[in-house]
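Go by the hints and put chain B onto chain A.
Protein chains: 2
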Amino acid sequence: MTSLDPAIAERIQFTESGLVPVVVQEATSKAVLMMAWMNAESLQLTLTTGRATYWSRSRQELWVKGETSGHAQQVREVRLDCDGDTLLMQVDQTGVACHTGTMTCFDADRLL
Amino acid sequence: MTSLDPAIAERIQFTESGLVPVVVQEATSKAVLMMAWMNAESLQLTLTTGRATYWSRSRQELWVKGETSGHAQQVREVRLDCDGDTLLMQVDQTGVACHTGTMTCFDADRLL
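As you go down the protein sequences, you meet chains A and B in turn.
Residues 1 to 112 in my numbering are what the first sequence lists, from first letter to last.
Residues 1 to 112 in my numbering are what the second sequence lists, from first letter to last.
Accuracy of the hints is not assured; some may be wrong.
Some residues of chain A that are not near chain B, with every Cβ distance over 12 Å (derived) [what the hints assert, rightly or not]:
1) T2
2) S3
3) G18
4) N39
5) E41
6) T46
7) E61
8) W63
9) G66
10) E67
11) T68
12) G70
13) G95
Reference listing, derived: stretches of chain B covered by chain A, where coverage requires no fewer than 3 residues with Cβ under 8 Å from a Cβ of chain A [stated by the list, open to error]:
14) 17-28
15) 32-42
16) 69-78
17) 81-88
18) 91-103
Hints are computed from structural coordinates only; laboratory data are not their basis.
The C-beta atom is built at its ideal place from N, Cα and C for all residues, glycine as well.
Chain A on its own, in the form it takes in the complex (with noise of 0.2 Å):
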């Protein structure tokens, strides 16, 4: 178990399950890729590794991102917003970001 910075915990509003949103945008494009979310631990690994390390929801585990796929995102820049509750991380990925096969996981419905 990999423990995050206190400097930098103290500073995160995590939710009562202990997670926080990150938005992930590509470096270069700016493309808004995806949202996911991330444990103190997660955050801990990205933030050591550069390689983004999210909190699955669904499989409640680790998720090295492209870890099984190969569409890995190199870690850029982490920031954290106003209120502590957010994260922004800039990344660049390999491959597409989405596990439908699109280049982002906003690429299929638009409602305006």
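This is chain B only, laid out in the frame that chain A set:
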């Protein structure tokens, strides 16, 4: 009370509290401005008025962005993600997006 179009409502996975997170991106610069929450009513108002309208979790009320500050958001596009639980919205931002006076809510605190 404004009702959300059922054809849209059935595609969205709202949380137990009846909310959906919205990633807000500036249409021209592609900067991610903020993340906020909508309930069905605020989404319907956003889609019909073209003016970004959220649900304030702290005040528990509808929040027409810029109504008091003047920092309104004109909505250009709204998309739903692949699993239907996150919205991505392209807006034209008047003034700054963050209540702290910075352009985005992610300007102040960089973790990596």
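How the hints compare with the structure:
1. T2: 15 Å, holds
2. S3: 15 Å, holds
3. G18: Nearest chain B Cβ is 16 Å from A:G18, so the label holds.
4. N39: 15 Å, holds
5. E41: Its Cβ never comes within 12 Å of chain B, the nearest being 15 Å, so this holds.
6. T46: 8 Å, violated
7. E61: 17 Å, holds
8. W63: 14 Å, holds
9. G66: Fine: 17 Å to the nearest Cβ keeps A:G66 off the interface.
10. E67: 19 Å, holds
11. T68: Nearest chain B Cβ is 17 Å from A:T68, so the label holds.
12. G70: Check passes; 19 Å lies beyond 12 Å.
13. G95: Consistent with the label, A:G95 stays out of reach of chain B, its closest Cβ about 15 Å off (over 12 Å).
14. 17-28: With 3 residues in contact (Cβ-Cβ under 8 Å with chain A), the coverage given for the segment 17-28 of chain B holds.
15. 32-42: This one holds; 3 residues, not fewer than the three required, reach chain A with a Cβ under 8 Å.
16. 69-78: It holds: at least three residues are needed, and the segment 69-78 of chain B offers 3 whose Cβ sits within less than 8 Å of chain A.
17. 81-88: Holds, because 7 residues of the segment 81-88 of chain B bring their Cβ atoms closer than 8 Å to Cβ atoms of chain A.
18. 91-103: holds (count 4)
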